[in-house]
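A.B. asks: If you want the building blocks of each chain, they are given just below.
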Amino acid sequence: MSNLLESYAEVVGADIVDQLRQLAEPLRGMKVVHVNSTRVGVGVAEILDKLVPLMCELGLDTSWEVITGESDFYQCTKSFHNGLQGHRTMIPEHLLRAYEETNARTAERLRPVLEDADIVFIHDPQPAPLMELCPARKGTWIWRCHIDISHPDRHIWRYLRGFLTGYDASVFSLAGFAQALPHPEYLIPPSIDPLSDKNMELSQDEIAAVQKQFGLDSHRPMILQVSRFDRFKDPLGVIEAYRLAREFIPGLQLVLAGGTASDDPEGEAVYREAENAANGDTDIHLLLLEPDAHRTINALQRSADIVLQKSLREGFGLTVAEAMWKGKPVIGGDTGGIRLQVVNYHTGFLVNTPEGTALRIRYLLQRPGRVTEIGGKARQFVRENFLLTRQLREYLTMILAIRDGDTDRIELS
Amino acid sequence: MIREATTTMAPFIIKDCALIALATGKRVQNLKELRDHLEVVPHSSLYYHFWGGLLHPGFEEREYGNDLGEWAKHGLHDASLAERLAVIDPSSFDDTEDMRQALLDVVEQRLEEASADLWRPADRHFQFIRSQIVVFGTGRSVLQPEQLAEVIPDLSPGSVFYHFIDARQRSPRGEDDFRAWLSPEGERYAGLCQGLASIDPYFASLHELREQLAALFSEFHGRSTHVKPA
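Residue numbers (this note's numbering), protein chains in the order written: chain E, 1 to 413; chain P, 1 to 230.
Keep in mind the hints are simulated off the structure, nothing from the lab. Misleading hints may appear alongside valid ones.
Stretch-level coverage of chain E by chain P, calculated; a stretch enters the list once three of its residues show a Cβ under 8 Å from a Cβ in chain P [what the hints assert, rightly or not]:
hint, region
1, 50-59
2, 183-191
Label pairs and their computed distance ranges (CB to CB) [claimed, not checked]:
hint, chain 1, residue 1, chain 2, residue 2, range
3, P, D154, E, R409, 23 to 33 Å
4, P, E112, E, E25, 50 to 60 Å
5, E, E70, P, S205, 52 to 62 Å
6, P, G137, E, H155, 42 to 52 Å
7, P, P121, E, D408, 50 to 60 Å
8, E, S203, P, P11, 44 to 54 Å
9, E, G376, P, R120, 37 to 47 Å
10, P, H207, E, E25, 26 to 36 Å
11, E, P26, P, F59, 32 to 42 Å
Even glycine gets a Cβ: it sits at the ideal position worked out from N, Cα and C.
Kindly generate the complete structure, drawing on both the sequences and the hints.
C.D. replies: Structure representation (structure tokens):
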């Protein structure tokens, strides 16, 4: 067994890794290509960062390509993102042209590798047109949608759907996220990597150093939300919840730690809004972190008493699983994939308002025993359901099922 | 691996499994739509909504045993329908089409009783999901039933599901794999088979089923050890 697989076996058990090897055996030597829009700063990139080498170690010839464009391209895809998640959005014609031209240029660059691949995973809408731009493709093309498109802006969905109907399959994180498409639609929640810098064990010294770096007092309670500065993540609602809770917990500290993604042009504006809402409160720490500050985020999550993910809309919310893996109760918005991870009174609490969030903060901080108990169950829940090996098992199963003609039963033994 | 070359029984090969879910694109908002979609959803969808829950992440027992009953109660707020759907036990049907018909009978009866509510929308949609199952080898097998007493406590939930739940639709007689293996041996294991048949898989989690199976095989093992000459 290779080193990487051995390392996973230590975390998830040898049986799970053996199942991956059984699934990969019939696929050995296949050329697999993943295409997304950024190598850093978002959950998709973090998953691919480890999924790709793991697939390689299992014998699949796997590579990862990225579509890149100019600001009009990112404006357009950000508008897609907002529109697909339910905001009515008008996209000017020139932005749609930039989107299509960027895909055409990317196709020129990637056509040989994409047309030669046995399996192509296209992640999210940014590279969706690539399939029809590769007319000599020989493999299976799968569209992997990481966001909640249950109530999309109809104009945007109609436009994008035209690029998607020719795919062989699509993947959504939850049943509720899926839109009707004329091919098999798999339901595969994403996952976290327990061995990554973001999730590995850290020494107390390293955690203390990060606390010191950001002026956090380890003797006072701290709540944390880690997410991009994005309106769907409701940073202003988090600040309001902190203010309500602080009336009862005077020493409370709040950390809003946000990375920036190269494909998100709105981040800076939302950061300014949060800064205004903080209004100089020295116990509100707004941290604009570099995209690769994974160990820093890890240390902040381990420093927190409670982790929040008060999203108004969420694709899946990998930060929830990250916090749970570190034994933290999570107070999460009652939306999207957060519902799959946060189970009331077992792994945390689902909330709908700043008031509800404040109530649960108070509840947990008054009961340290419950924090420990819920945190322990949360970690076990992630171990059984939301680690990378489970997601890879489902991807490999899907590839086999498609290869065998959408069969209901795959016998490997 | 546990093997003893002292028996003529074929080995019992231990397997594991996992389900992968697929959307069917069929969403239900009211009772009438439930009836319409129930008529056409694939067998794998009925399988998923009645048995798949056992492999779902979760902490609490399901009140109504299957996804349709849960939705009737918590989506439609129709407790009567939920109870009637909950009582449909998939292990009691030899054929999935028979189970589909039983479900349709319950829903149609409810439609007749509650015609005014025919179009009453649910608080939340019910999404018909179907599943594909992938079966893994474990590299383990046993040659004698007594050895299962040692093996069962360490079975994964997926192995319990495969041998005790999934087996029922693979076996022509709707048996679990243990009974299918033991039955040809006749009277010697008749009591054990009877014990296996009495375990109701519909209301237990896979961990609980494993405990019940382990206790049964352990009891049998103790008894057979006692009566068997050295």
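A.B. asks: Work down the list of hints and note, for each, if the structure agrees.
C.D. replies: Right, here's what the structure says about each hint:
1. 50-59: violated (count 0)
2. 183-191: This one holds; 5 residues, not fewer than the three required, reach chain P with a Cβ under 8 Å.
3. P:D154 / E:R409: 23 to 33 Å: holds, 25 Å
4. P:E112 / E:E25: 50 to 60 Å: Given range 50 to 60 Å: holds, Cβ gap about 54 Å.
5. E:E70 / P:S205: 52 to 62 Å: holds, 54 Å
6. P:G137 / E:H155: 42 to 52 Å: holds, 50 Å
7. P:P121 / E:D408: 50 to 60 Å: Once the Cβ atoms are compared, 32 Å apart, the range 50 to 60 Å for E:D408 and P:P121 is violated.
8. E:S203 / P:P11: 44 to 54 Å: holds, 49 Å
9. E:G376 / P:R120: 37 to 47 Å: holds, 42 Å
10. P:H207 / E:E25: 26 to 36 Å: holds, 30 Å
11. E:P26 / P:F59: 32 to 42 Å: holds, 36 Å
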